[in-house]
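Number of protein chains: 4
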Amino acid sequence: MKILIYNEGVHDKEDWVKKVYPKGIHGALAEALSGHDVTVTTLDDAEEVVTEERLENTDVMLWWGHCAHDKVSDRVARCVADAVRRGMGIIFLHSAHLSKPFRLLMGTSCTLKWRDDDRERLWVAAPSHPIAAGLPEHFELAHEEMYGEFFDIPHPDETVFIGWFAGGEVFRSGVTFTRGAGHIFYFQPGHESFPTYYDVNIVRVIRNAVAWAAPIRRTGPLVCPNTAALEERK
Amino acid sequence: MKILIYNEGVHDKEDWVKKVYPKGIHGALAEALSGHDVTVTTLDDAEEVVTEERLENTDVMLWWGHCAHDKVSDRVARCVADAVRRGMGIIFLHSAHLSKPFRLLMGTSCTLKWRDDDRERLWVAAPSHPIAAGLPEHFELAHEEMYGEFFDIPHPDETVFIGWFAGGEVFRSGVTFTRGAGHIFYFQPGHESFPTYYDVNIVRVIRNAVAWAAPIRRTGPLVCPNTAALEERK
Amino acid sequence: MKILIYNEGVHDKEDWVKKVYPKGIHGALAEALSGHDVTVTTLDDAEEVVTEERLENTDVMLWWGHCAHDKVSDRVARCVADAVRRGMGIIFLHSAHLSKPFRLLMGTSCTLKWRDDDRERLWVAAPSHPIAAGLPEHFELAHEEMYGEFFDIPHPDETVFIGWFAGGEVFRSGVTFTRGAGHIFYFQPGHESFPTYYDVNIVRVIRNAVAWAAPIRRTGPLVCPNTAALEERK
Amino acid sequence: MKILIYNEGVHDKEDWVKKVYPKGIHGALAEALSGHDVTVTTLDDAEEVVTEERLENTDVMLWWGHCAHDKVSDRVARCVADAVRRGMGIIFLHSAHLSKPFRLLMGTSCTLKWRDDDRERLWVAAPSHPIAAGLPEHFELAHEEMYGEFFDIPHPDETVFIGWFAGGEVFRSGVTFTRGAGHIFYFQPGHESFPTYYDVNIVRVIRNAVAWAAPIRRTGPLVCPNTAALEERK
Chain B
1 MKILIYNEGV HDKEDWVKKV YPKGIHGALA EALSGHDVTV TTLDDAEEVV
51 TEERLENTDV MLWWGHCAHD KVSDRVARCV ADAVRRGMGI IFLHSAHLSK
101 PFRLLMGTSC TLKWRDDDRE RLWVAAPSHP IAAGLPEHFE LAHEEMYGEF
151 FDIPHPDETV FIGWFAGGEV FRSGVTFTRG AGHIFYFQPG HESFPTYYDV
201 NIVRVIRNAV AWAAPIRRTG PLVCPNTAAL EERK
Chain F
235 MKILIYNEGV HDKEDWVKKV YPKGIHGALA EALSGHDVTV TTLDDAEEVV
285 TEERLENTDV MLWWGHCAHD KVSDRVARCV ADAVRRGMGI IFLHSAHLSK
335 PFRLLMGTSC TLKWRDDDRE RLWVAAPSHP IAAGLPEHFE LAHEEMYGEF
385 FDIPHPDETV FIGWFAGGEV FRSGVTFTRG AGHIFYFQPG HESFPTYYDV
435 NIVRVIRNAV AWAAPIRRTG PLVCPNTAAL EERK
Chain H
469 MKILIYNEGV HDKEDWVKKV YPKGIHGALA EALSGHDVTV TTLDDAEEVV
519 TEERLENTDV MLWWGHCAHD KVSDRVARCV ADAVRRGMGI IFLHSAHLSK
569 PFRLLMGTSC TLKWRDDDRE RLWVAAPSHP IAAGLPEHFE LAHEEMYGEF
619 FDIPHPDETV FIGWFAGGEV FRSGVTFTRG AGHIFYFQPG HESFPTYYDV
669 NIVRVIRNAV AWAAPIRRTG PLVCPNTAAL EERK
Chain V
703 MKILIYNEGV HDKEDWVKKV YPKGIHGALA EALSGHDVTV TTLDDAEEVV
753 TEERLENTDV MLWWGHCAHD KVSDRVARCV ADAVRRGMGI IFLHSAHLSK
803 PFRLLMGTSC TLKWRDDDRE RLWVAAPSHP IAAGLPEHFE LAHEEMYGEF
853 FDIPHPDETV FIGWFAGGEV FRSGVTFTRG AGHIFYFQPG HESFPTYYDV
903 NIVRVIRNAV AWAAPIRRTG PLVCPNTAAL EERK
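Protein sequence lines, in the order shown, are assigned to chains B, F, H and V. Read in the numbering used here, the first sequence has 147 at position 147, and its numbers run on one by one without any break. Read in the numbering used here, the second sequence has 337 at position 103, and its numbers run on one by one without any break. Read in the numbering used here, the third sequence has 533 at position 65, and its numbers run on one by one without any break. Read in the numbering used here, the fourth sequence has 826 at position 124, and its numbers run on one by one without any break.
With the rest of the complex left out, here is chain B (with noise of 0.2 Å):
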């Protein structure tokens, strides 16, 4: 599968980020997708990198970003939106519920509560979901940041997470959505400080929700047709 991973790389260049990921968030996700045919684009070249050409030849985008939402432009949210209703698969991470694509195609605010460094438990809430193939009823993270309900997200098709925070939350950790004829899911576990892309549980959901949110079909513009009666009016 043709992966494009957008990381915004802007605390990677920073040492505490770096200590963790020194490939940089975008680095670890593709070691994650060993196999597949990654590209992978930060902030300093998703201008020219997200381009309708390139989306078209995607099938499944990988969207990290935390405090340089603002920074993306109008065109390349509403680009990757458009390939999304269009057939091409999408997985946003952790923070990236405030990015400008997820917000586009959520329709809501995307708000939530949160706080830094908690201790997270991940529960299966759709044990026969694909993304969930392969995982244990419960696995853990020892630091992960807190995000908590109202998660403020239309209903999901599928609830395949619910997370326990030792702090006192419950958020839906990982949701799937549909929106024209591409495939979303959400994941939360993800902060830039913490290992948790190393993690094997963690992995396997990532590689099993790329393969879930493979392209079915691609379909052409997105307009709305005068058409012929199929049936002889009477």
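One or more of the hints may lead you astray.
Taking CB as the label site, the calculated pair distances span [stated by the list, open to error]:
#1 Ser73/B / Cys301/F: 57 to 63 Å
#2 Ser502/H / Gly922/V: 43 to 49 Å
#3 Gly688/H / Lys253/F: 40 to 46 Å
#4 Arg78/B / Thr285/F: 26 to 32 Å
#5 Glu934/V / Gly688/H: 55 to 61 Å
Keeping only pairs whose Cα atoms sit at most 20 Å apart, straight-line, the calculated SDA-like set for lysine to any residue is [said to hold, decoys possible]:
#6 Lys581/H / Ala931/V
#7 Lys347/F / Ala229/B
#8 Lys113/B / Phe607/H
#9 Lys347/F / Leu230/B
#10 Lys247/F / Ala264/F
#11 Lys113/B / Thr453/F
#12 Lys113/B / Asn460/F
#13 Lys113/B / Glu605/H
#14 Lys581/H / Val925/V
#15 Lys347/F / Pro829/V
#16 Lys236/F / Val274/F
#17 Lys347/F / Pro838/V
#18 Lys257/F / Asp279/F
#19 Lys347/F / Glu839/V
#20 Lys113/B / Gly454/F
#21 Lys581/H / Asn928/V
#22 Lys113/B / Val457/F
Hints listed in this document are in silico derivations from the structure and should not be mistaken for laboratory results. No residue lacks a Cβ here, since even glycine has one placed at the ideal position from N, Cα and C.
Given chain B, put chains F, H and V in place with the hints provided.
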């Protein structure tokens, strides 16, 4: 209940619509909602009428638009979408499927197939939904514009009506969504050339929908608060 | 509204429950629903009380059971399930997840994990659902039995509450379903050892749920009619 | 994949069906699934063939039944329903809407309207669902039994197809459900008098559905374990 009806009011100035709706489509809708506290706005004054303050004091809004979607300012569209997310109910009628606020709230293209003047039969697919209260199992509109699948919307919370068209198409004609704290109903019938909004069953659907969409709670600003832990961390 | 409360009433005869619920769990529920026309039945007289005629004249039923699910006759279970399909609302409380009528209506095993005496915090995951009206964003029960995922139920129409347990689990604690013309709410709190049904938030949930579950329409016999064509066949 | 086809095989012994399906409906379905490891059973030997062991070694089952639903033993029905809950996929065809295992899994009456010999057009309402892969936006069956709304089923996970009938009805003709770990697809076309199961689009739907319904995981006994706390209680 406090109801605000937006009708773009452009077709309504032409003779062919005046014959059907001498007081405008907004006039017919206002009559259908007699007994409520109804305010009407059209494209002519929407910029002044549709304000954050007004919408905070509106329980349910109705939106009819067709040929002048682009003339609605982005400010008005965002203001309506945000009011819905914060709890105001809204009913999108007929060609409002391409209106700015509906598309902002759906996140999809909202495209469909269409054709002038067909005959429609509406089937109740959710007989115990409050919007279907008091309706027969199906009812008919002798003249209605055909809107056909594929209708590019997210999975509805409920599909209350499915439309059958003599010309050979089907359509999810009445669908509900939740966005934030707001209840949304999209209802397909209501072409400007036909007396749809005088039909007794249509009036009943609209009255039911207004009651169903009434706010359960109004929420404050849509932000992401950093919250203290509820539990002592170990 | 006409409400019928079924409580198996077996634990209620033991001293450890009498201390908490001197009038029985049914007594506490009846008080929570003061102002309604409430009838109470227990395992002792359910065979006589739960009849087709009675249920046709009942708006909403509540069901509490735990150790005597098997003592409920198949006739009573089928009678309740059919009444729901034909429009009666029903609220299944706590260990009623394994009751005969709940399992008949769900089609799944309704199994879950459990453990005595934990501390629960309930989070509102659907703030604009009528059942969540007037509630804070979360509330707490100092003592409650832990029920944990995976909860083997069909995808709920809405997940209104998600429970957090101090012992490390999460649970879809308040979920709605539609079966036929009937509205169903399952609500997890309510162990016989704890004064859950006196809690002000719990009482509010139950009162809200009863209002929400009220019948929209009652349907006739559930059969498959052979119908004449509505259109002339070509 | 290991596939088990159940066809009651009663009509298939009559001349009017033999003309259409000389090898029985099961024969046509087995041919449609060429390339898979297919076993066939009919009412004559279902009691011996449909065992817990057999179903544990079956990936996906197909079920066709019409006039002999009652002759299927309760043991067989429960065995199939439990296997689905534990992960086996299943596809219910046409009049299997009233079969014992389908009703056990749905929890509703599964009733609908019907009429002999109409013309049906199937519209794809979920173009990116795996079951719709490779299909045109609509396709037609010159002769099919009419099944019409209201179809008394729980809210489907996805409505993949909506049927239009020349006689004036609509139907949710292809719908998916999850029960426990099992994937379920109900597909309305397939009356015994018509050569539906030779139609190239129908064959594609059935092949797609079998691939989609394949088990993601098989679960053990469906019980409620008492579990130790994962956290130290304070």
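Verification of the hints:
no.: 1; hint: Ser73/B / Cys301/F: 57 to 63 Å; in the structure: violated, 31 Å
no.: 2; hint: Ser502/H / Gly922/V: 43 to 49 Å; in the structure: holds, 46 Å
no.: 3; hint: Gly688/H / Lys253/F: 40 to 46 Å; in the structure: holds, 43 Å
no.: 4; hint: Arg78/B / Thr285/F: 26 to 32 Å; in the structure: holds, 27 Å
no.: 5; hint: Glu934/V / Gly688/H: 55 to 61 Å; in the structure: holds, 57 Å
no.: 6; hint: Lys581/H / Ala931/V; in the structure: holds, 11 Å
no.: 7; hint: Lys347/F / Ala229/B; in the structure: holds, 11 Å
no.: 8; hint: Lys113/B / Phe607/H; in the structure: holds, 16 Å
no.: 9; hint: Lys347/F / Leu230/B; in the structure: holds, 12 Å
no.: 10; hint: Lys247/F / Ala264/F; in the structure: holds, 17 Å
no.: 11; hint: Lys113/B / Thr453/F; in the structure: holds, 15 Å
no.: 12; hint: Lys113/B / Asn460/F; in the structure: holds, 6 Å
no.: 13; hint: Lys113/B / Glu605/H; in the structure: holds, 11 Å
no.: 14; hint: Lys581/H / Val925/V; in the structure: holds, 9 Å
no.: 15; hint: Lys347/F / Pro829/V; in the structure: holds, 15 Å
no.: 16; hint: Lys236/F / Val274/F; in the structure: holds, 11 Å
no.: 17; hint: Lys347/F / Pro838/V; in the structure: holds, 15 Å
no.: 18; hint: Lys257/F / Asp279/F; in the structure: holds, 17 Å
no.: 19; hint: Lys347/F / Glu839/V; in the structure: holds, 11 Å
no.: 20; hint: Lys113/B / Gly454/F; in the structure: holds, 14 Å
no.: 21; hint: Lys581/H / Asn928/V; in the structure: holds, 6 Å
no.: 22; hint: Lys113/B / Val457/F; in the structure: holds, 9 Å
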